[in-house]
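Undergrad: If you read the sequences in order, they're chains A and B.
Residue 140 in my numbering sits at position 138 of the first sequence; the count goes up by one each step and never skips.
Residue 106 in my numbering sits at position 104 of the second sequence; the count goes up by one each step and never skips.
If you're looking for bench data, these hints aren't it; they were derived computationally from the structure.
There could be a bad hint or two in this list.
As the list makes no split between identical chains, a pair holds if one copy fits it or if it spans any two.
Straight-line C-alpha distance at most 27 Å; calculated BS3-like pairs for lysine-lysine [as the list claims (entries may be wrong)]:
1) Lys28 x Lys162
2) Lys86 x Lys140
3) Lys218 x Lys293
4) Lys125 x Lys293
5) Lys179 x Lys197
6) Lys185 x Lys218
7) Lys127 x Lys179
8) Lys163 x Lys283
9) Lys140 x Lys85
10) Lys153 x Lys185
11) Lys279 x Lys31
The structure presented is a predicted model; accordingly, all values stated were derived computationally and were not measured.
Number of protein chains: 2
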Amino acid sequence: MLNVTFLGTSGAVPSAYRAMPAIALKYDKLFLWDCGEGCQREMMRNGVGYGGVEAVFITHLHLDHVMGVFGLIETVRMNTERKKITIFAPRGFERMLAGISPTMGWEPSFLDIREMKEGELYKGKDYTISGFHVKHQKRDAFGLVFQEDDKNKFHEAKAKKLGLKGRMFKEIQEKGKVKVGNKTVKLEDVSWVRKGMKVVYSGDSIYDEGIASIAKDADLLIHDSTFGDDLKEEAEMRGHSTAKEAATIAKKAKVKQLVLTHIGARYRGPELEAEAKKVFKKSVCAKDGMKVELKPEKGETKK
Amino acid sequence: MLNVTFLGTSGAVPSAYRAMPAIALKYDKLFLWDCGEGCQREMMRNGVGYGGVEAVFITHLHLDHVMGVFGLIETVRMNTERKKITIFAPRGFERMLAGISPTMGWEPSFLDIREMKEGELYKGKDYTISGFHVKHQKRDAFGLVFQEDDKNKFHEAKAKKLGLKGRMFKEIQEKGKVKVGNKTVKLEDVSWVRKGMKVVYSGDSIYDEGIASIAKDADLLIHDSTFGDDLKEEAEMRGHSTAKEAATIAKKAKVKQLVLTHIGARYRGPELEAEAKKVFKKSVCAKDGMKVELKPEKGETKK
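Here chain A stands alone, though its shape is the one from the complex:
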């Protein structure tokens, strides 16, 4: 199961209703995608344990996406047994850290800083977290993908009927086939592929059809929706998307659901959700504290 908690859903400037951008992903471990100012308190409020954060991924260095990480570092350092904290961030983050670290007396060994880049960033037991470039002003800016591995699942009845038992299950998985008596049984004859869960986050981005390719068939697309259709030009100029544009990407990518986030301070949410729904029905505007629970498929998807 994969739990996604929207800790902060505002765009650029905080509002009384929305905290700065941050998303918590809980699979076997806890990850943060962006870590805006106030993130720690939002983690507390939403029952997301901050001490156990495995890694923080900063999509770009605008302050609204990064300013919460320094306080988080200090809290983890003071209050947990953790030996280090891993942070993926674009170039420039080390300079920020160099400004703050000496004042706090942080041991360099406590800080495991990795450069945010395109491609695989983190490999878990049966999933990966990867980055991809997005277009956001002249920034070194990224989006993120959580991709669970596809898994072979057996049609138990069919396998048994063809005589598979004991170690044969292991062998057929390893070799793709197995001998049963004088017959050869192929893996595809007795199994189906359970598609791994996929979550894609645009970070801050203009409308970019490249994101639709990356988000193809995703279980969840989380997309920049700083503006409404009334300010389409401003969205592009400022390197952001409108709700309708986010929905267009969701539709092209045929995702299962779309969550709009990075909501500009002039909007309340429902009006953006309505604009998105006209293009893509399964659209929801994020609220602070909103949780989305993703479960793997239970049976074979008929195609």
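Given chain A's structure and the hints, the job is docking chain B onto it.
TA: Below, chain B alone, put in the same frame as chain A:
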């Protein structure tokens, strides 16, 4: 009138109930004393306009006291007509800023950074804000004083009886005396001194009787109260005070009221307030959003 709003009242680590340290003072202008993470949102929630901040005073560079200022700078820069923002902070702040400023593209001219020091920092029309050294670990750490000027107020009836009129009021104020016919009237015979309002903030400090001298007769003392009496040794070791110690300072200084702040995460508040009240009755434990309104004396204080 002087309004003091407690925007954040936690110690070191935030809690779900208390934001990071920050106090807003509104006199003719708006000042911030410390600016912990999340300060902007607390200003919004409490109706304290952040765009109009005249100056921010950072007592020391522990992250809980400073981390909100960078987001505030960016918001003021983006959303107001302000040409600069003034920040008083101890040495080391410029290094922090150097880490963040290039990433944000802040013009150096927008940032008016002054070194926090002992003595007068800011001079207003009829008040000053000054710093004083406090003992907090090995930090370059400060407390702050808001001091309104004393003012001469006339006993109108008495002055008239002695024949004062028109320009004589101006002359007696300037020279300390004035001739009325063949008599000399001295200023002290027809006036009284209205003591200026005084607010003292300890910042983070161990129990230090020096603060009692500085806070002498203050209208309001805001004092570190990170621990209860149960952890007196820990308070000293960590450079903080207990509620009882804060009350002892208040009593020695004969202040009009004491507000306990920088409340450690293990405490709820009322238990610290109770400990303080045993020593000094007019003690209150701060809550986020609490406001204290100070008014100048209306008439002569009989002594």
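Undergrad: Which numbered hints are broken by the structure, listed smallest first?
TA: Structure breaks hints 1, 6, 8 and 11.
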